[in-house]
Amino acid sequence: MPAASPSEQNRPPDTVFFLSDFGTADEFVGVVHAVIAAGAPGTTVIDLTHHIPPFDVRAGSHTLVRAVPHLGPGVVLGVVDPGVGTVRRGIGLEVVLTGGGTMSFVGPDNGLLVAAAEAASEAPIATAVELARDTLPIDRGATFDGRDLFGPAAARLCAGDALASLGEPIDPESLVRLMGGVVERGRLHDGRDCLRAEVLWVDHFGNLQLAATVADARVAGIPARGTIELAARIESGRVDPDGLPRSLVPDGVHLRCVEAFGDLKQGEFGLLVDANGHLAVVAGEASAAHWLNVVAGELLILAW
Amino acid sequence: MPAASPSEQNRPPDTVFFLSDFGTADEFVGVVHAVIAAGAPGTTVIDLTHHIPPFDVRAGSHTLVRAVPHLGPGVVLGVVDPGVGTVRRGIGLEVVLTGGGTMSFVGPDNGLLVAAAEAASEAPIATAVELARDTLPIDRGATFDGRDLFGPAAARLCAGDALASLGEPIDPESLVRLMGGVVERGRLHDGRDCLRAEVLWVDHFGNLQLAATVADARVAGIPARGTIELAARIESGRVDPDGLPRSLVPDGVHLRCVEAFGDLKQGEFGLLVDANGHLAVVAGEASAAHWLNVVAGELLILAW
Amino acid sequence: MPAASPSEQNRPPDTVFFLSDFGTADEFVGVVHAVIAAGAPGTTVIDLTHHIPPFDVRAGSHTLVRAVPHLGPGVVLGVVDPGVGTVRRGIGLEVVLTGGGTMSFVGPDNGLLVAAAEAASEAPIATAVELARDTLPIDRGATFDGRDLFGPAAARLCAGDALASLGEPIDPESLVRLMGGVVERGRLHDGRDCLRAEVLWVDHFGNLQLAATVADARVAGIPARGTIELAARIESGRVDPDGLPRSLVPDGVHLRCVEAFGDLKQGEFGLLVDANGHLAVVAGEASAAHWLNVVAGELLILAW
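Protein chains in written order, with our numbering: chain E, 70 to 373; chain U, 70 to 373; chain R, 70 to 373.
Heads up, a few of these hints could be off.
What follows is a set of in silico ranges between Cβ atoms, one per label pair, in the way DEER data are often shown [stated by the list, open to error]:
(1) E:237 with U:359: 35 to 41 Å
(2) E:168 with U:231: 31 to 37 Å
(3) U:332 with E:332: 38 to 44 Å
(4) R:199 with U:231: 37 to 43 Å
Facing chain U, from chain R, some residues (calculated, C-beta under 7 Å) [said to hold, decoys possible]:
(5) 110
(6) 116
(7) 117
(8) 204
(9) 205
(10) 323
(11) 335
(12) 336
(13) 341
(14) 342
(15) 343
(16) 344
The set of hints was computed from the structure by calculation and includes no laboratory data. Model, not experiment: these values are computed from the prediction. Just so it is clear, CB atoms sit at the ideal spot from N, CA and C, and this is done for glycine as well.
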């Protein structure tokens with residue numbers, strides 16, 4: 070992403086990157102856009118996605134981590150917030166980007182934002198505040214902080230207010246954090262090397278992004294060419310009514326190690342390094358998630 | 070919402086708020102954006118939602134009523150229009166906002182816009198016109214007024230044309246109106262007080278917004294704390310093949326009166342005042358609509 | 070669409086029209102918006118749709134063909150790209166619009182863009198280049214050309230670079246092309262005239278747009294008023310497990326020839342000229358696709 074010039078560093082941000090679990094069937098997203106347009110006219114609001122599964126803070130966090138390296142300076146407004154209206158804090162974070170300029174993060178203190186703030190820059194979090202809250206009109210409930218707290222905070226940043234003016238400073242160590250994705254090297258009983266990795270994300274095309282990166286693959290010694298095996302059992306939280314793990318990848322699924330989706334025949338399974346630098350289990354013009362019956366959060370075993 | 074300063078009052082609107090039942094699978098929405106960009110460059114177009122159920126004028130109207138208090142000055146472009154191409158009128162409405170500035174409404178005269186225009190301001194509708202229509206090229210059908218009539222009208226307003234220049238004046242009394250949502254106080258046969266209220270809206274999270282507002286609740290005497298009952302029968306238009314009402318809320322569903330979603334245990338049912346000031350039947354990190362099998366338009370009975 | 074004035078012709082484009090099969094559940098679309106905002110600040114990005122069925126280049130091409138006559142000058146960014154990362158070329162095309170100004174097209178050379186480029190202007194394609202490709206960082210896969218190649222190319226055009234500076238010129242004759250939709254006049258065994266036409270597109274409302282235009286209908290002699298028959302057999306690639314064609318429109322479906330959806334009773338089938346000038350099989354406030362069990366790509370027979 071382009072670096073901000075020194076003179077740009079003191080200019081307020083002109084772009085808000087907006088992620089939520091609001092969906093787009095209702096007017097929620099549009100109303101937040103309107104609040105930002107009213108508070109900071111001329112701001113560009115870019116929707117990252119509003120289809121994070123309802124209440125899935127972890128999915129929202131992963132999505133932000135993937136996105137931030139490509140966004141450049143601005144304000145990230147993230148709202149996946151099952152605790153809205155309770156004592157959970159609203160927070161603002163700020164990091165100085167390696168290329169110059171700053172990126173701010175506004176949303177709930179529930180683990181949604183902090184990993185992304187740390188992925189956005191090599192520098193640590195420079196500023197963290199608990200957002201001060203105006204009193205709401207008494208004839209409305211406090212169930213829409215996107216409209217009433219976080220959207221206005223993002224607008225104030227774009228209108229030129231410093232993050233520090235939006236609330237009391239807090240210790241970044243006090244922020245709620247999620248656990249990272251599982252990546253483990255090992256050896257199967259038949260002597261083959263293996264890598265056990267969590268499925269972080271199933272994308273629109275049914276590709277399975279693993280927690281393992283290309284660096285993990287290199288350390289583990291996964292061959293860059295040839296074929297490896299997706300070992301039979303998926304160890305998963307999903308359990309059948311009879312108490313057995315529900316999802317079993319059939320024995321003998323082979324993954325061809327390729328560089329591009331188009332290197333696979335239609336329906337053929339493969340393993341590649343995806344556009345985020347993670348290993349991904351994919352299929353040629355088909356949904357690996359569908360044909361392997363895998364969802365985000367499961368553990369897959371690659372063996373070779 | 071911020072008030073426009075006196076000098077802003079004569080500036081043309083710079084924002085269009087766009088709602089439709091077009092969905093986003095096709096190019097309809099993008100084409101209307103392009104028409105506005107071509108006719109009034111620099112206009113900000115904010116999508117409220119395009120997922121109003123097809124032809125559901127009532128749902129579109131409710132959505133606009135909820136949204137307008139949060140939008141500020143601009144043009145509301147609303148297109149849910151089963152009568153496109155027939156004799157139904159295309160209309161433009163204008164109200165002066167309490168905080169200053171004006172809000173215009175452009176769309177079909179089928180009840181979609183008028184309640185929102187009245188909700189946007191304490192002042193009555195200041196101007197109402199029937200939009201004049203250009204002759205279409207003969208090699209295309211008149212089935213896309215969003216592109217051919219309403220979008221261009223919104224663009225003309227943003228380009229500086231007065232609403233009165235877009236067509237002949239009409240009497241606001243002549244506008245098509247929908248009936249309001251049902252709210253009735255009563256007493257059950259066992260002596261308990263009750264409130265019967267229509268479900269106006271089921272949102273993305275499965276929350277059931279009732280037609281009853283916090284003011285209705287106060288008048289009816291619904292306790293602000295404690296537990297009330299969602300009485301068994303849903304009186305509904307939905308009927309089973311055997312002629313019985315299809316949806317029955319199981320006996321004995323209790324709603325805990327809370328202030329926030331997060332005050333409920335996962336899956337617990339509750340009643341709260343939502344962000345629009347309406348009563349809503351909700352569930353902790355779950356869909357009340359799904360678990361209670363309720364859709365918009367049904368009548369629920371709260372008893373205490 | 071408004072014509073650009075002569076002085077505008079040398080200004081870089083300020084609008085990108087973006088179509089893809091990315092869906093909106095992930096951050097893909099937002100990241101491409103961010104890349105464009107970073108490379109060409111102030112550019113308006115209009116999303117045509119991102120819900121082209123995955124890998125369906127033909128559907129993407131049809132959608133662009135329908136949209137371009139209504140877009141005006143700018144850059145069309147189209148990404149439906151099962152061959153990403155393989156040897157297929159990335160291309161840029163440019164046409165001079167009849168009304169003045171230019172429209173550029175950026176995306177994969179797989180048939181997605183060329184028909185739209187030819188539909189946008191009466192003039193032939195003025196410039197065609199193979200996009201030059203930067204070397205990617207080694208720790209990421211080459212699976213997201215929307216972010217890494219096409220989005221940046223669109224941004225460079227909006228920042229003022231000429232298309233010719235983005236890669237080596239190529240011969241427009243060398244571009245990959247799709248076959249057009251089927252339209253055939255004929256006569257049924259019972260002596261009635263008929264028209265066999267491919268279903269190009271099933272829209273959000275379930276309307277079936279045929280490849281036949283109003284001009285085709287005139288040549289074939291389809292009556293403008295009255296009723297015609299949708300002949301029984303749909304000849305289709307869809308086959309039942311027992312080898313029989315899967316979709317059979319029931320005998321005797323009659324289509325009333327009308328001008329507007331609203332001229333039909335609820336659930337009544339009709340035929341009209343749609344907003345793109347094509348014949349469309351529709352139903353009054355209902356989905357013709359659902360009730361006739363028809364999908365895009367099938368052949369329908371109209372008989373009269």
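Each hint, compared with the structure:
no.	hint	result
1	E:237 with U:359: 35 to 41 Å	40 Å, holds
2	E:168 with U:231: 31 to 37 Å	47 Å, violated
3	U:332 with E:332: 38 to 44 Å	52 Å, violated
4	R:199 with U:231: 37 to 43 Å	51 Å, violated
5	110	14 Å, violated
6	116	6 Å, holds
7	117	4 Å, holds
8	204	33 Å, violated
9	205	30 Å, violated
10	323	20 Å, violated
11	335	9 Å, violated
12	336	12 Å, violated
13	341	6 Å, holds
14	342	4 Å, holds
15	343	5 Å, holds
16	344	3 Å, holds
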